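Asks: Use the sequences and the hints to build the structure in full.
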Amino acid sequence: MITLGTQGKNTFLDDVNIKSGANVLECYQCGKCVGTCPVSQYMDFPPREIMQMIKLGLRNECYMANSHWFCLTCSACSGRCPREIDIPAVMEAVRHLAINENYVNDSKKVKEIRKFHDIFLDMIKRYGRNYELRMMAEFNIRTRNLFKDMHLAPKALLKGKIPLGVKPLKSAKAIKRMFAIAEKLEKNK
Amino acid sequence: MKKLTYFPGCSAHGTSEEFDSTLKLVLKTLDVELEDIPDWNCCGATSAHVMTENLAYALPMRNLVLAEKLENTTMGIACASCYQRMKVTKVHMDENPELAKRINTTVVEEGTYKGTVDVKSMLQYFYEDIGVETIREKVTKSLAGLKVACYYGCLLTRPKDITKFDSPEYPVSMDQICEALGATATEFDYKTECCGASFSISNTEVVINLSGQVLAMAKESGAHAIVVACPLCQSNLDMRQPDIEKHQGVKYDIPVFYITQLMALAFGYPAGELKFPKHIVPVEGALANIGKILPVPEKVKKPIKAVEAESEDK
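One line per chain: the protein sequences are A and B, in this order. Taking my numbering as reference, the numbering of the first sequence is continuous, increasing by one, and the terminal residue is 189. Taking my numbering as reference, the numbering of the second sequence is continuous, increasing by one, and the terminal residue is 1314.
In short, the hints are calculated from the structure, not lab data. None of the values given here were measured: they were computed from a predicted structure. Be aware that a few hints might be false.
What the hints assert, rightly or not - List of simulated lysine-lysine pairs, DSBU-like, C-alpha gap at most 30 Å:
id	chain 1	residue 1	chain 2	residue 2
1	B	Lys1101	A	Lys173
2	B	Lys1024	B	Lys1164
3	B	Lys1114	A	Lys19
4	B	Lys1003	A	Lys170
5	A	Lys32	A	Lys108
6	B	Lys1160	A	Lys32
7	B	Lys1024	B	Lys1160
8	A	Lys155	B	Lys1101
9	B	Lys1028	B	Lys1275
10	B	Lys1101	A	Lys19
11	A	Lys32	B	Lys1219
12	B	Lys1069	A	Lys184
Replies: Take a look at the structure:
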C-alpha cells in the first residue's frame, strides 16, 4: 500500500531522511547516478528508481530490493549528483532500516554478500583484527562452496600473500565488550 | 626528523605486506619516523558500516582515541579503506559533537575523543607534507622509460567533502609523484573507477567485470604497469588478473605496483628488497623498460597540473 500522508507518524521518506541526513525530495530524477554507478546493472532498481520509490513511500519494495546490498559506497554518484544528495548515505539508511526491521532478501547473491559481512564482523569480534585466510575459508564453508578460489590458494600461499597465523589483540576483551554494547544498542532502536 | 603516527591496517600483515615494508623503506629515506598505535584494532572496513551504525563509528574511534594519546598531530594510514573509515568517523564526529559524545561514552572505553589528530592517507602525506619536490631530490635511479597508469580507486579522493584532497574525478597527485621519479604517467580515464572492492570474495563476478575494465583501459593508455595506493585495488587487479584474462580471452600481463615500491626503487633500494616475488603478475617485463628511450610523442604533452579544487571553502 502506498502511504503518502504522515498520519501523525513518520513516513518512509522521513525515516530515510532522518537516518541519512540527506534530503531525498531534492532528487529531480536526472539519472546521472545510474550512469555513474559501477554496479547499477546488478541492482533490482538502480539508484534513481530507489530515490523515487522512497519519495512514494514504497517501504517494503525498497527494503526487499537488492540495490542497497550491491551499493559499494564508492561515492561516484554523490560526487556527480547535481542536487548534491549523499546517495550512498541514503542506500545505507535503507539497508540499516531493513536490517533493524528484519526484512530479509533471500536471493542467493544477497545472502552471500550478507554472509561475507557477518563473517568479517565475526573476525573482528573474535580477534580484534581481520585475518584474510581464515575469513575466506569460513566464507567457503558457510556458503557451502568449498572450492571457491581454491585455484588461487597455492600461488597466494607460496608467495606469502596470506599469513596462516591468527594473533588476537592484547585488548581483545575490550573489543568484545564494544560489540556487546553495540549489539544491544542496535536491538533497542 | 619528522614523526608520524602510523596505522598499517589488517592487510599490512597479509595481502599487502609489500606495501607496508616498502613504505617503511621510503620513509627512512625521507627521514620520517613512524610511531605505531599501540594495540590498534580493525577499522571495521566495508562490513561494519554496511551492517551497523554504532560499530562503524566505534571501531575507528577507538583507534583515534589511542592515536590522540601519542604526541603527533597527524595519523598516516596505508590502507585506503581504513583511511576512509577513519576519516569519515573523524569528520562526522567533529561535525556532530553530540553523536561523538554518545558513541564515545557508550561504546568506546579507552578514553575521551578530542579530535586533535588529523587523518591522512599515505598518498596525501607524501603529496602535502613531504612534497613532490623533496621526493624528486631523493631520486638516485630515475625510472625514465617506464610508463605507468596511476589508479586511485574510489576511496582516496572521494567523497570530496570528507577527503578534501585532490580531485574526485581526475586526481593527479600520484601522477606527479610518479613523474618526479622519472616515470611517465599515461592519460588514464579510469583513475577513480571502482575495482569491485570487497565483492572480491562474496561476489567475484562483479570484480572480474569492473577490474577487467580498469585493466583494459590501463593497457589502452599505453602503460607498462599500474600504480596503486590501496591494498584491495592491488589484490583485485593483480591476484584476479589471471581470472580476468581467462574470462575476457585477452592477455594483459600488466603488473600492479604499490606507489611505495616504485619510490623505493627510484630512491636506490635494490630490487631484492621490494618484495616483487609477491606479485602474481610478474614485474620483470615492465621494469625492463626502465632506461629505454621513449619515442618522442607527436604532440608535446602538457605537464599535468592539479585541477582547481571545486569546494568553495578554499
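Asks: Each of the hints needs a verdict: does it hold here or not?
Replies: Now the hints, each set against the structure:
no.: 1; hint: Lys1101(B) to Lys173(A); in the structure: 22 Å, holds
no.: 2; hint: Lys1024(B) to Lys1164(B); in the structure: 25 Å, holds
no.: 3; hint: Lys1114(B) to Lys19(A); in the structure: 25 Å, holds
no.: 4; hint: Lys1003(B) to Lys170(A); in the structure: 25 Å, holds
no.: 5; hint: Lys32(A) to Lys108(A); in the structure: 29 Å, holds
no.: 6; hint: Lys1160(B) to Lys32(A); in the structure: 17 Å, holds
no.: 7; hint: Lys1024(B) to Lys1160(B); in the structure: 28 Å, holds
no.: 8; hint: Lys155(A) to Lys1101(B); in the structure: 47 Å, violated
no.: 9; hint: Lys1028(B) to Lys1275(B); in the structure: 17 Å, holds
no.: 10; hint: Lys1101(B) to Lys19(A); in the structure: 18 Å, holds
no.: 11; hint: Lys32(A) to Lys1219(B); in the structure: 27 Å, holds
no.: 12; hint: Lys1069(B) to Lys184(A); in the structure: 29 Å, holds
The structure fails to meet hint 8 from the earlier list, while all remaining hints are met.
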